[in-house]
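**Q** The primary structure of each chain is shown beneath.
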Amino acid sequence: MADTKEVLTPLSAAILFALADGASHGYAIIREIEDLTDGQMKPHTGSMYLALHRLLEDGLIIESPMKSDDARRRYYKLTDAGREAARAEAGRLAQLVRIASAKRLIPRGAL
Amino acid sequence: MTRALTGVFSAALALFPESFRRRYGDEMLEIFAERIAELSAPAAIAATFAEIIDLFFSATRFRLTRIARLQPAMLGVVGTFIVAAAFTVRSLSWAPTPSIVAQIDSIDFRAQDPAGEFTIAIRHGRPVAATIDRVPLPANRLLNLGDSIHLLSPSGDVVLAVAYYRERARIEWEPRPRYCRGRAAECAL
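From first to last, the protein sequence lines stand for chains C and P.
So my numbering is basically just the index in the first sequence, starting at one, shifted up by 9.
So my numbering is basically just the index in the second sequence, starting at one, shifted up by 8.
Rather than coming from a laboratory, the hints here were simulated on the basis of the structure.
Only a predicted model underlies this, so the values are computations on that prediction, with no experimental measurement involved.
Please note that the accuracy of each hint is not assured.
To be verified - Within a straight-line C-alpha distance of at most 25 Å, the following computed SDA-like cross-link-like pairs (lysine to any residue) qualify:
1. K51/C to E38/P
2. K51/C to P50/P
3. K76/C to E194/P
4. K51/C to A67/P
5. K86/C to P50/P
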């Protein structure tokens, strides 16, 4: 598996966070990311699938056998390594937030 | 309008290599169509423009990454040649034989790429057995077409195409992608 510290872009991290609740398909992942970030992150289709492809290659997500009525629609879910990478990334971000908070850099009402 | 923009997006998907399009193209097209269906005509045109610019940069990033990853795969080809040569020398040194060509033609290749391991046994110039991830392949899924050896999935799709250079006792193949790992016997190229 690749070094997750090296491969996790903000979009890759957002995909892992979006899949933390269970398997989902591409469009639902995009919607979830838009919701989770209050619309600040709106992944384009090309970037989204490039990120999904890399996460698949790195073994952080796999295709889920779950099927929908649309045969083209594939579902993706976290692997154990993916969940671990998501936890590590969340821990890293939490630490950054703590530092920013200690330095009084977080605007009021932002958290 | 939606149909025309979807056509433009579909054409722009050609920026990605065929393997990528075959795997994700339908999904990407479906998502694009769903997205622009929710927009007014001017917004849909603007969104299409932004999506195509993103496709261009994503496809470029994908191709650059692929080139960077091909270098270790080339080492795999060289490694396979060395292993094949070692087998050949060993078989030649075991017993004198009537035909050197016949001995060179009896080779067991063991090779690895991002999708996993495979072996091919060649006797007298023809592939007689193969394994994918150490699982033997049934004879009807091993196809010899001239200098090419095709390993097939249960449904008859090519999962690995190997060029066999008989006179040089060497094989070459396009490395299978890493996402085929764990299901290489079914992962069609």
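**Q** For each hint, tell me whether it holds in the structure or not.
**A** Here's how the hints hold up against the structure:
1. K51/C to E38/P: Satisfied, since the Cα-Cα distance of roughly 17 Å is no more than 25 Å.
2. K51/C to P50/P: Given pair K51/C, P50/P holds - Cα atoms ~18 Å apart, limit 25 Å.
3. K76/C to E194/P: Holds, at roughly 19 Å.
4. K51/C to A67/P: Distance ~18 Å between K51/C and A67/P Cα, so the pair holds.
5. K86/C to P50/P: Violated. K86/C to P50/P sits at ~35 Å, over the 25 Å cutoff.
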